[in-house]
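So you can see what is in the structure, the chains are spelled out below.
Number of protein chains: 2
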Amino acid sequence: MKEFITYILQFGNLNQQQLELISNKATEVNLQKDAYFSEAGKIAQQVGFVLDGIVRVCYYNNKGEEITKYFIEENNLVVDLESFDNEIPSSAYVHAITDCKLLIFSKKDWNELLHTIIGWDAIVHKIISKALRQKVERRSPLVSEDATTRYLMFLEIYPNVVNRIPLSYIASYLGVTQSSLSRIRKNIS
Amino acid sequence: MKEFITYILQFGNLNQQQLELISNKATEVNLQKDAYFSEAGKIAQQVGFVLDGIVRVCYYNNKGEEITKYFIEENNLVVDLESFDNEIPSSAYVHAITDCKLLIFSKKDWNELLHTIIGWDAIVHKIISKALRQKVERRSPLVSEDATTRYLMFLEIYPNVVNRIPLSYIASYLGVTQSSLSRIRKNIS
DNA sequence: GGCGCTTTTTGCCAAATGGCAAATGATGTC
DNA sequence: GACATCATTTGCCATTTGGCAAAAAGCGCC
Chain A
20 MKEFITYILQ FGNLNQQQLE LISNKATEVN LQKDAYFSEA GKIAQQVGFV LDGIVRVCYY
80 NNKGEEITKY FIEENNLVVD LESFDNEIPS SAYVHAITDC KLLIFSKKDW NELLHTIIGW
140 DAIVHKIISK ALRQKVERRS PLVSEDATTR YLMFLEIYPN VVNRIPLSYI ASYLGVTQSS
200 LSRIRKNIS
Chain B
20 MKEFITYILQ FGNLNQQQLE LISNKATEVN LQKDAYFSEA GKIAQQVGFV LDGIVRVCYY
80 NNKGEEITKY FIEENNLVVD LESFDNEIPS SAYVHAITDC KLLIFSKKDW NELLHTIIGW
140 DAIVHKIISK ALRQKVERRS PLVSEDATTR YLMFLEIYPN VVNRIPLSYI ASYLGVTQSS
200 LSRIRKNIS
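Chains as they are written, first to last, in our numbering: chain A, 20 to 208; chain B, 20 to 208.
Everything labelled a hint here was simulated from the structure, so no lab data went into it. Do not take every clue at face value.
In this list, chains with the same sequence are indistinguishable; a pair is considered to hold if it fits within one copy or across any two.
[Said to hold, decoys possible] List of simulated lysine-lysine pairs, DSSO-like, C-alpha gap at most 27 Å: (1) LYS120 <-> LYS44; (2) LYS52 <-> LYS21; (3) LYS61 <-> LYS82; (4) LYS154 <-> LYS126; (5) LYS127 <-> LYS145; (6) LYS145 <-> LYS44; (7) LYS126 <-> LYS145; (8) LYS154 <-> LYS82; (9) LYS149 <-> LYS127; (10) LYS120 <-> LYS61; (11) LYS149 <-> LYS126; (12) LYS120 <-> LYS82; (13) LYS82 <-> LYS126.
Hey, can you work out the whole structure from these sequences and the hints?
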């Protein structure tokens, strides 16, 4: 919980009472490796915060290939915004790649907090637009680089992920095949 | 101006008086083909709205290649958020690809509106997060597709752009060379 | 240690894309 | 129309990456 408080206080100030209101709504949940936090076709009902573990957001393209859109590490929010905000079915899976510990807010509680805590919505907006900007900034440059450069970029962005997850997920994030990535890795070291 | 009003009313309600306050702050500006709306290294000072023409956001990678991050068509906001919000130098150029007509708000006026019009900040937040989500959704899938598929995706996303701008900008958006794109185009039709 | 399972690496060849330079086409100007 | 300028296409060949299948490595379990 402390981690979450620290996280949100980066984006604005809240007093002790407000922080307690927020804390009271949070539930700690364990997600086993390979479990889904939310699934394509369903409407996202929760906001999560990763305390421990790695999660990825992925989907299947029209050739049936599995594509990883991004990874979410410790101390980040995880929420399928489009689905959560607009109450429409999600198009993506949120998948625990390792055993995870999460803080969870139900939609109802989350909205209640937005209405009762002054300034909370401003903080949430800041958090979310920063996260969205980050997604653009991380994913966009991959388009114009070759596979080796992409892998190096991945290492820079997610230095703590590479040794904790299978190579196939990294390949599906970078848009290269597993074999190519294996060869690239060999050539680098 | 009417276009802008229509645009913002999609995201929330404002009364006549509020709309007039907003209108009064807007200046109409013409930007010649190849002029810059804002430049890398400078701090973004304006929010724009494209009334007519096409703008692109681009930068140079560490190999000196010019990369187009996205295009902005008529009836969309143009603002370098990261720079505007945080008052830090931008890393990108905003470049008029055709002659453009824009509505411009200065930073001072924009902030004044945010403070005086109740509900305006909620609308702005909605507009901006939608735009950010759109950028992720458009750019991200390119990573995992081959060049032909990327071009077809471009055509779907920007059906009204292809005939109005040079091929080289499209190539720099898709992360392929101009020659490859030329060949791809030939094979499709 | 041996077995079954999954992940990663390799080999072989085909296909896609890049690099570079020249040819062609398009457009505006005098 | 001739010319200059810029955008696009094409040719040729090198390099990168993919597809597929087999081999090797890693890991948990008995």
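Within, between, both or neither: how does the pair LYS61, LYS82 come out at a Cα-Cα threshold of 27 Å? Within. Shortest intra-copy distance 22 Å satisfies the 27 Å Cα cut-off; inter-copy 43 Å does not.
Indicate which option fits the pair LYS145, LYS44 if close means a Cα-Cα distance not exceeding 27 Å: within, between, both or neither. both (20 Å within a copy, 25 Å between copies)
Up to 27 Å CA-CA - LYS82 versus LYS120, copy category: Intra 33 Å, inter 41 Å, cutoff 27 Å: neither.
At 27 Å max between alpha carbons, let me know whether LYS127 reaches LYS145 within a copy, between copies, both or neither. Answer is both: 21 Å inside a copy and 20 Å across each meet the 27 Å cutoff.
Cα distance capped at 27 Å. Does LYS149 pair with LYS127 within a copy, between copies, both, or neither? Cα proximity of LYS149 and LYS127: in one copy and across copies (24 Å, 22 Å).
For LYS120 and LYS44, with the copy left unspecified, which applies at a CA distance of at most 27 Å: within, between, both, or neither? within (16 Å within a copy, 49 Å between copies)
One pair to classify: LYS154 and LYS126, alpha carbons no more than 27 Å apart. Within, between, both, or neither? Cα proximity of LYS154 and LYS126: in one copy and across copies (23 Å, 26 Å).
Treating 27 Å as the Cα threshold, decide for LYS120 and LYS61: within, between, both or neither. within (22 Å within a copy, 42 Å between copies)
Is the C-alpha distance from LYS52 to LYS21 at most 27 Å within one copy, between copies, in both cases, or in neither? For LYS52 and LYS21, the Cα distance is within 27 Å only inside one copy (24 Å; across copies 53 Å).
Status of LYS82 relative to LYS154 across identical chains (alpha carbons, at most 27 Å): The answer is both: 24 Å in one copy and 23 Å across copies each meet 27 Å.
For LYS82 and LYS126, with the copy left unspecified, which applies at a CA distance of at most 27 Å: within, between, both, or neither? neither (34 Å within a copy, 46 Å between copies)
Which holds for LYS126 with LYS145 at a C-alpha limit of 27 Å: within a copy, between copies, both or neither? Both: 19 Å inside a chain and 19 Å across chains, each within 27 Å.
Comparing the model with each numbered hint stated earlier shows that hints 12, 13 do not hold.
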